[in-house]
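J.: Here is how the chains run, residue by residue.
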Amino acid sequence: EPEVTQTPSHQVTQMGQEVILRCVPISNHLYFYWYRQILGQKVEFLVSFYNNEISEKSEIFDDQFSVERPDGSNFTLKIRSTKLEDSAMYFCASSEAEGTNEKLFFGSGTQLSVL
Amino acid sequence: GDSVTQMEGPVTLSEEAFLTINCTYTATGYPSLFWYVQYPGEGLQLLLKATKADDKGSNKGFEATYRKETTSFHLEKGSVQVSDSAVYFCALSDRGTGRRALTFGSGTRLQVQP
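Those protein sequence lines, which keep their order, are chains A and B. Position 115 of the first sequence, counted from 1, bears residue number 115 in this note's numbering, the numbering being contiguous throughout. Heads up: take any position in the second sequence, counting from 1, add 115, and you land on this note's numbering.
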């Protein structure tokens with residue numbers, strides 16, 4: 001079965017540094033998402049992306065965050081100046097179509113540790 | 116706002132035991148309900164879903180019934196296997212709010228011992 005690929009699996013960075021988390025969605029999917037899970041807490045929605053623009057974002061997704069689909073295959077999440085509280089598991093997901101019942105395919109996550 | 120509450124884990128069971136993982140929700144609109152599973156080293160995968168009250172989702176021996184009167188969507192399996200060891204996430208999406216993103220619970224880790 002096709003899968004969503006995320007790299008790296010673990011990223012360690014210093015507070016204040018920029019990080020880019022990378023994802024390769026399933027090739028025929030059109031909708032892309034980032035979620036995150038702080039240790040012991042709920043999985044939280046960050047942003048959804050369609051047709052080269054953000055279609056929905058949460059209150060967590062502030063000016064420090066940005067997303068991009070630079071080359072038609074990768075989907076990236078950039079955190080401009082990391083904070084300690086950005087430490088979390090970040091999940092990328094994609095889906096074929098839009099809709100509340102649409103099946104999302106998730107990657108295995110990038111564990112971000114901000115020191 | 117919408118929210119999902121799951122029972123805390125880890126849940127440790129012996130093989131062939133009966134499993135229940137509780138999930139309750141609050142929603143302002145008309146939610147669809149989901150269970151996702153994450154096996155070690157893998158991404159979250161859709162396990163089952165139900166889109167309206169009294170629907171029963173089922174897959175791989177797992178079942179969950181959408182109970183509007185109790186706002187619950189408990190996951191059950193009659194006889195668990197070691198291979199069911201994973202983290203299980205309850206989630207909803209709420210058409211009534213117009214928000215398409217999934218709202219997840221915190222996940223429940225299941226450990227099945229031989």
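Derived from the structure by calculation, the hints contain no laboratory data. Treat the hints loosely; a few may be bogus.
[To be verified] Lysine-lysine pairs mimicking DSBU-like chemistry, simulated, CA-CA at most 30 Å apart:
1) K192/B to K171/B
2) K167/B to K103/A
3) K167/B to K57/A
4) K42/A to K175/B
J.: Indicate, hint by hint, whether the structure satisfies it.
T.: To see whether the hints hold, each was checked on the structure:
| no. | hint | result |
| --- | --- | --- |
| 1 | K192/B to K171/B | holds, 13 Å |
| 2 | K167/B to K103/A | holds, 16 Å |
| 3 | K167/B to K57/A | holds, 26 Å |
| 4 | K42/A to K175/B | holds, 25 Å |
Violated hints are absent here; each numbered hint is respected by the structure.
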